[in-house]
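Novice: The lines below spell out each chain.
Number of protein chains: 2
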Amino acid sequence: MDFRLIQTCPDSKARAGELITPHGSVPTPVFLPVGSQATVKTLTPEELKEIGISMVLANTYHLYLRPGIGMIEKMGGLHEFMAWDRPILTDSGGYQIFSLAALRRVSDEGVLFRSHIDGSEHFLTPELTIQFQEALGADVIMTLDECPAYDDSLEKVQKAMTRTHHWAERCQRAQRHSDQALYAIVQGGVIPELRHQSAKYLTSLDFPGYAIGGLSIGEPKETTLSMIEETVALLPEAKPRYLMGVGSPEDIIEGVARGIDMFDSALPTRVARNGALFTWQGRHNIRNAVYSQMDKPFAPGCDCYTCRTFSAAYLHHLFSCDELLGYRLATIHNLSFIHNLMQKIRNAIFDGNFSSFHDNFWASYQPTNEQTRLDQKRKWLKSRNQGQ
Amino acid sequence: MDFRLIQTCPDSKARAGELITPHGSVPTPVFLPVGSQATVKTLTPEELKEIGISMVLANTYHLYLRPGIGMIEKMGGLHEFMAWDRPILTDSGGYQIFSLAALRRVSDEGVLFRSHIDGSEHFLTPELTIQFQEALGADVIMTLDECPAYDDSLEKVQKAMTRTHHWAERCQRAQRHSDQALYAIVQGGVIPELRHQSAKYLTSLDFPGYAIGGLSIGEPKETTLSMIEETVALLPEAKPRYLMGVGSPEDIIEGVARGIDMFDSALPTRVARNGALFTWQGRHNIRNAVYSQMDKPFAPGCDCYTCRTFSAAYLHHLFSCDELLGYRLATIHNLSFIHNLMQKIRNAIFDGNFSSFHDNFWASYQPTNEQTRLDQKRKWLKSRNQGQ
Chain Y
688 MDFRLIQTCP
698 DSKARAGELI
708 TPHGSVPTPV
718 FLPVGSQATV
728 KTLTPEELKE
738 IGISMVLANT
748 YHLYLRPGIG
758 MIEKMGGLHE
768 FMAWDRPILT
778 DSGGYQIFSL
788 AALRRVSDEG
798 VLFRSHIDGS
808 EHFLTPELTI
818 QFQEALGADV
828 IMTLDECPAY
838 DDSLEKVQKA
848 MTRTHHWAER
858 CQRAQRHSDQ
868 ALYAIVQGGV
878 IPELRHQSAK
888 YLTSLDFPGY
898 AIGGLSIGEP
908 KETTLSMIEE
918 TVALLPEAKP
928 RYLMGVGSPE
938 DIIEGVARGI
948 DMFDSALPTR
958 VARNGALFTW
968 QGRHNIRNAV
978 YSQMDKPFAP
988 GCDCYTCRTF
998 SAAYLHHLFS
1008 CDELLGYRLA
1018 TIHNLSFIHN
1028 LMQKIRNAIF
1038 DGNFSSFHDN
1048 FWASYQPTNE
1058 QTRLDQKRKW
1068 LKSRNQGQ
Chain V
688 MDFRLIQTCP
698 DSKARAGELI
708 TPHGSVPTPV
718 FLPVGSQATV
728 KTLTPEELKE
738 IGISMVLANT
748 YHLYLRPGIG
758 MIEKMGGLHE
768 FMAWDRPILT
778 DSGGYQIFSL
788 AALRRVSDEG
798 VLFRSHIDGS
808 EHFLTPELTI
818 QFQEALGADV
828 IMTLDECPAY
838 DDSLEKVQKA
848 MTRTHHWAER
858 CQRAQRHSDQ
868 ALYAIVQGGV
878 IPELRHQSAK
888 YLTSLDFPGY
898 AIGGLSIGEP
908 KETTLSMIEE
918 TVALLPEAKP
928 RYLMGVGSPE
938 DIIEGVARGI
948 DMFDSALPTR
958 VARNGALFTW
968 QGRHNIRNAV
978 YSQMDKPFAP
988 GCDCYTCRTF
998 SAAYLHHLFS
1008 CDELLGYRLA
1018 TIHNLSFIHN
1028 LMQKIRNAIF
1038 DGNFSSFHDN
1048 FWASYQPTNE
1058 QTRLDQKRKW
1068 LKSRNQGQ
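Chains as they are written, first to last, in this note's numbering: chain Y, 688 to 1075; chain V, 688 to 1075.
Chain Y on its own, in the form it takes in the complex (with noise of 0.2 Å):
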């Protein structure tokens, strides 16, 4: 049993559940932080154990272009490598193939694509990507997908669902380890009738979890919510359900309150090196001058380390000299927010009061303005694309 479904929100489809795993079990709704290159960005095992995260994500891709997946292995898997003990997901790399490098060529066969850091030509399919993940070693592995963009054609877009279904029935043929999860990934756009196909098509193959790939990738909010929507309704409840991707603290309510049980992103990390800290009501960049004389934490009452130890001004002092233990201070409160975040719903959910808690969390919360948003998304995509 890899999944095991402990309590269901009477008012919403929101759920606290656990996951089995070679290397322990896991709550959820759980957060993962992104470790793409065998490290979540300046921090040690040691302190994403103090914040209390479980489980942690790291980038096939990554890895197999630096240090290489064989390299990995002769050092005893991913777990050693990196010196973290409890439970990893590691992706199959579609969506940096199709986000990060430069493509080159999709075929049924598999993906041609050049490296984002020499230009070097590599080729990858569902066999491979399998093969890899079994190398590595993570608890979670995923299928290999085709990703479309979020304003393609609906021929292409059909097309890319059609291919990764097929990849994933390879997927599924081509694993030997049994001792780990193989999640199959939705695809099908923002078109609901292409969601629904790809739901019922995955299902039927019988996978230990699913994920909903595709979104958050620059389409209107609106539209993310109403496709997790449309895919979930067609999920097996006794399966995880996981969001990939999507990581801030309004996304992460929003898709529990719709039967998500997993989220990844590396937003939390990413934010809080340009001093973009969470707070309840929303979020505060450090580097903001009204910080520059706060004798008091950055978010009074938050029991991080960075809180209990320091001032808001020192933390910005960090910022404004762009040294590095400032970056370190502001990842850990952040993914210690929304391991609170993770804690707080999870709790909530058992008590019975989640529809509460969500309505609490947006009587205080400001979002980040949608069109900024949309448009710091979409031109970090490209800026992505273009092999930065």
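Any given hint might turn out to be false.
Same chains, same label: a pair holds when it works inside one copy or across any pair of copies.
As the list claims (entries may be wrong) - Here are the simulated SDA-like pairs of lysine to any residue, each with C-alpha atoms no more than 25 Å apart in a straight line:
id, residue 1, residue 2
1, K736, R995
2, K983, G763
3, K761, V977
4, K1066, D1009
5, K761, N972
6, K761, P987
7, K736, D698
8, K846, Q884
Calculated from the structure, these hints are not laboratory results.
We have chain Y already, so just place chain V on it with the hints.
Specialist: Same frame as chain Y, now just chain V:
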């Protein structure tokens, strides 16, 4: 009593003692990591303590420019601001003004300089540096000195020395807080006669400690060592001797052999961020391909957090990817190495076998090539002088 001399070496001038400060006692010989901007780059106070660091240095010049002395005073002083409850030494700002800032004019009254950050103009006097250092609240504070370049004319060096003496007297008169130990700085360039004069003059003023300034700024190493000897010969036995800006393992051991009790330098932390790690065989760069497949720790037998937890291959990978965690782990290793060296030196002095420890060190340690070292040092000083 600020300093207790406990043991002297029968074969050299090496000695072991203890500084007594309001924030606890410090075993000597001691190395002070540099926390210019109220942070030892990349590390938390807890990590410094875990390494065993008992005292750090912070730069008055940097803190004056950012976040400002008044700000730190308002936050309760430097200890409170940076959350470090062990002893701190602040320098006077002299060295930074003469090496880092765009110098505008030196007069007997003080120094007019331009900030290396925004070009703004500032005037520093002996009285002001004492006022600033009293506001910061360090345990050991320094007199303002004028630092000539290593290749300046005799006349210029002599004039700078005389001015340094007058400034030292003014600093002494300006001091109001009796709980801070004010050390004087011996100058005199690379001219033995001037070093003698400077040491004698400042000793006559009876400071609680004496620093040797104006060395390790580009002159050949044998000159550095002979200037240390010339100076120490005229300093009182009962007072601590502090060699400013020196911190490589090879220079520390030679400094101790010549009677030095305190060292500070940004070198161990700066070279760590470039991937250069200390071993008992010399400095090795973790970026070297030889480490890419090394499943063992970088320095087998080293008990620092980095070597206890991660393989050399992982550390190599972090540096290949420019991951911030790499800079942290390398910094931890280098400071642990230096702390370990200081402990071994101190124990050897107590055990009466410092000379054989010194010889054993040199039997295995390969120092950085002298010409390379000089070229790097001069290049670095030059780039700093150009306002980098």
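Novice: Next step is simple, just say for each hint if it's right about the structure.
Specialist: So, going through the hints one by one against the coordinates:
1. In this assembly of identical chains, the alpha carbons of K736 and R995 lie at most 25 Å apart whether taken from the same copy (17 Å) or from different copies (17 Å).
2. Taking the shortest Cα distances, K983 and G763 sit within 25 Å of each other only across copies (12 Å), while inside one copy they are farther apart (45 Å).
3. In this homomeric assembly, K761 and V977 come within 25 Å of each other (Cα to Cα) only across copies, at 15 Å, whereas the closest approach inside a single copy is 51 Å.
4. For the homomeric pair K1066 and D1009, the shortest alpha-carbon distances inside one copy (24 Å) and between copies (23 Å) are both at most 25 Å.
5. Taking CA atoms no more than 25 Å apart as the test, K761 paired with N972 passes between copies only; the shortest distance there is 22 Å, against 42 Å inside one copy.
6. Only between protomers do K761 and P987 lie at most 25 Å apart by alpha-carbon distance; the minimum there is 19 Å, versus 46 Å within a single protomer.
7. For a Cα distance limit of 25 Å, the shortest separation of K736 from D698 qualifies neither inside one copy, at 33 Å, nor across copies, at 50 Å.
8. With identical chains, the CA atoms of K846 and Q884 are at most 25 Å apart within one copy only, with a shortest distance of 13 Å there and 86 Å across copies.
Of the numbered hints listed earlier, the single one contradicted by the structure is hint 7.
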